[in-house]
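Enquirer: With chain A's structure known, arrange chain B with the ligands on it following the hints.
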Amino acid sequence: MADGKPRSLSPGPGGRLGTLLDDAVWGLRAYGFIVAMWVRSTMAYRASFLIMLAANFATAGLDFAAIMIMFAQVDALGGFTLPEVAFLYGTSCVAFGLSDLLLGTAERVGRRVRDGTMDVLLTRPVPVLSQLAADRFALRRLGRVIQGSLVLGWSLTRLEVDWTPGRVALLASMVLCGAAIFGCLFVVGGAFQFWAQDASEVQNAFTYGGTTLLQYPPTVFGKDLVRGVTFVVPLAFVNWLPALRLLGRDDPLGLPDWLDLAAPAVALLCCAVTGLVWRAGLRAYRSTGS
Amino acid sequence: MDDADGAFIDVRDLTKTFTVRRRSGLLRRTATRVHAVDGISFVLRRGEMTGFIGPNGAGKSTTVKMLTGILTPTSGRLRVAGVDPWRERTRLVRRIGVVFGQRTTLWWDLPLRDSYGLVRRMYRIPRARFEENLARCVELLELGDLLDVPVRQLSLGQRMRGDITAALLHDPDVLYLDEPTIGLDIVSKARVRQFLLTLNAERGTTVLLTTHDLSDIEQLCERVVVIDHGRLMYDGPLAGLHEVGRGERTLVVDLERELPPIEGIPGARTVRTEGPRQWLAFPASASAAPLVSRLAAEYPLVDLSIREPDIEDVIARMYAG
Ligand SMILES: Nc1ncnc2c1ncn2[C@@H]1O[C@H](COP(=O)(O)OP(=O)(O)OP(=O)(O)O)[C@@H](O)[C@H]1O
Ligand SMILES: [Mg+2]
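Listed in order, the protein sequences are those of chains A and B.
Per my numbering, the very first residue in the first sequence carries number 1; after that it's consecutive.
Per my numbering, the very first residue in the second sequence carries number 1001; after that it's consecutive.
Take these hints with a grain of salt, some might be off.
[Unchecked claim] Simulated restraints on C-beta separations:
| id | chain 1 | residue 1 | chain 2 | residue 2 | range |
| --- | --- | --- | --- | --- | --- |
| 1 | B | 1076 | A | 168 | 51 to 61 Å |
| 2 | B | 1043 | A | 269 | 39 to 49 Å |
| 3 | B | 1231 | A | 36 | 45 to 55 Å |
[What the hints assert, rightly or not] Partial list, derived from the structure: chain B residues whose beta carbon lies under 10 Å from chain A:
| id | residue |
| --- | --- |
| 4 | 1071 |
| 5 | 1072 |
| 6 | 1091 |
| 7 | 1093 |
| 8 | 1094 |
| 9 | 1097 |
| 10 | 1100 |
| 11 | 1103 |
| 12 | 1104 |
| 13 | 1107 |
| 14 | 1114 |
| 15 | 1117 |
| 16 | 1122 |
| 17 | 1167 |
| 18 | 1170 |
| 19 | 1184 |
Read the hints as simulated data drawn from the structure, not as lab findings.
Where a beta carbon is used, it is the ideal one built from N, C-alpha and C, also for glycine.
Next up, chain A with everything else stripped away, as it sits in the complex:
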């Protein structure tokens, strides 16, 4: 009895790491063509797509309208001026918007498990996460990204920051690492639903609640709460630690300087942990009885 030793199915010469890399590349490619399919089919109804995009843009704009209204009463919120708040808002909004656009559907695990379509995803030679995240890809979610970019762009014209290459890189890393961390939250939230199928609610509190929290400057909230958010959920790396540095502010927690540069490391760590949690979730998957 040949135990294992598959010939045609064995990993390539790259060994385990090579296989892992191949899988990742294949997963991304598959994600790409599934998304392309959905975008094509959305574009068949161009008018309705544009309406949805506009609606998405407007809903996202309401958040910022609330902040503007507050500033009509006061000049500064927790010591931050309107352009500074707009900066915080814009970066977190773009980061969240990007992750929601690219990975937002990954949290539909619970529904997939309940209606049995998770089984179907598992019968295809494409990583489940790629299929899940690309499924019914909704380009209209670009609305939030556009709105956030506009606010961010406006704030950049008003802020007096000397844009050295280092600062530009920090801004880019803020947005990208932020998107990555939010994306991880979506995926981890999805993975937990393999264990508890109604975890979807809990996770919404994290991601959606999380962004609202980050759109206001940290000193508005109690110190303990902020500390909790910083360490329990690495959300703060998304936005305010690097932002404070960019804005030349003191960090209310007195954390060492190097920590705000740690965002890429934290994002990578999050991705690795997320990968493991996702895999464990898949392993725990038990399908349905019918």
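Expert: Relative to the frame of chain A, chain B with the ligands by itself:
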């Protein structure tokens, strides 16, 4: 590839236990264990067409899900084409086709044609191969008019044919069918069966078929694997089921006139009377000739016929026993 002794699918002492938590009282939750699959072993060779049957809740779907790599076994050994399906899932599923009668593997909102396009890219099927396979399935399953219809608008029978096509575009070595004829009318059923026979004959595709429609099995499979309560009850040729299930043949006799139930014929008993007609059951393994001559000698016979045992009865008796 295959194991040394030619086993394409090799299942040894396979078990799957689900822990089900139920609320029992206000705060208490009790965990019960369901042994969905409880130590099954069988071997399928390349090109075999096997029926996989058992009553509701026997563990058929659970077994198929483990063979596909959807579920991890609780214990036991499982090899398909020489590899562990769960570990090597994304690679192995390229060689597997699956049809779940209960739900579609197609994209609900997409026309069949677009679904197939996605399947082509997911399985990296060379375009020429794809076109050829699609054309073949479209012809044999009569899908021509349906290719541009969104899946959600298809009838059950149309959708099932669409699903079977999707499962075969990448030339799988093995096809798992979990209740593929559920809810189909006679014409659709016949079409699907004929298609499977052709597929098996021409491509040598290994087929494992789960169904509650025993005529599917009678027409398609030489071999059956019967399970109940997660345990293997029978594995062998279809014909052998009769003996295991204590199958009985029935002699239908028409007498000249209405008589009391026939008695005193060794090895046979009267199971039903209706006017001058009577039904006598006798073991499927016994010969009918001595019985008939004895009857003719003692009773005023007008006509008689023999009915072969009904496979459904046989299996029902097996499940009960
Ligand atoms: N995901 C699950 N969680 C808990 N129990 C399950 C699960 N899947 C199956 N079971 C249980 O395992 C047993 C076997 O189920 P399975 O679906 O394999 O039966 P089956 O032979 O396919 O039945 P049917 O003919 O009704 O389709 C049943 O008792 C079922 O309740
Ligand atoms: Mg079943």
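Enquirer: Now look at each hint and say whether the structure bears it out.
Expert: So, going through the hints one by one against the coordinates:
A beta carbon spacing of about 58 Å between residue 1076 of chain B and residue 168 of chain A agrees with the range 51 to 61 Å that was offered as a hint. Distance hint check: the CB atoms of residue 1043 of chain B and residue 269 of chain A are about 46 Å apart, consistent with the given range 39 to 49 Å. For the pair residue 1231 of chain B and residue 36 of chain A, the beta carbons lie near 48 Å from each other, so the given range of 45 to 55 Å is met. Residue-level restraint check for residue 1071 of chain B holds (minimum Cβ-Cβ distance to chain A is 6 Å; threshold 10 Å).
The criterion of a C-beta within 10 Å of any C-beta in chain A is met by residue 1072 of chain B, whose closest approach is roughly 6 Å, and the hint holds. Taking 10 Å as the C-beta cut-off, the interface hint given for residue 1091 of chain B holds, the closest approach to chain A being about 5 Å. With 10 Å as the threshold, the beta carbon of residue 1093 of chain B comes within range of chain A, its nearest partner Cβ sitting at about 5 Å, so the hint holds. The beta carbon of residue 1094 of chain B comes within 5 Å of a beta carbon in chain A, closer than 10 Å, and the hint placing it at the interface holds.
Because the smallest distance between the Cβ of residue 1097 of chain B and any Cβ of chain A comes to about 9 Å, under 10 Å, the interface hint for this residue holds. The restraint placing residue 1100 of chain B at the interface with chain A holds, with a minimum CB-CB distance near 7 Å, inside the 10 Å limit. A hinted interface residue such as residue 1103 of chain B counts as satisfied when its beta carbon comes closer than 10 Å to some beta carbon of chain A; here the least separation is about 5 Å, so the hint holds. Contact between residue 1104 of chain B and chain A, as hinted, is supported at the beta carbon level, the nearest pair being about 8 Å apart and thus within 10 Å.
Interface hint status for residue 1107 of chain B: upheld, as the beta-carbon distance to the closest one in chain A is roughly 8 Å, under 10 Å. Satisfaction of the interface hint for residue 1114 of chain B is found here, the shortest Cβ-Cβ separation to chain A being roughly 7 Å, below the 10 Å cut-off. Look at residue 1117 of chain B: its Cβ gets to within about 7 Å of chain A, closer than 10 Å, so that hint holds up. About 5 Å separates the beta-carbon of residue 1122 of chain B from the nearest beta-carbon of chain A, less than 10 Å, and the hint is met.
With its C-beta approaching chain A no nearer than about 9 Å, residue 1167 of chain B sits inside the 10 Å limit, and its interface hint holds. For residue 1170 of chain B, the interface hint holds, the least distance from its beta-carbon to any beta-carbon of chain A being 9 Å, beneath 10 Å. Evaluation of the residue 1184 of chain B hint against chain A yields a violated restraint, the C-beta minimum of about 18 Å exceeding 10 Å.
Hint 19 alone, counting from the list given before, is not met by this structure.
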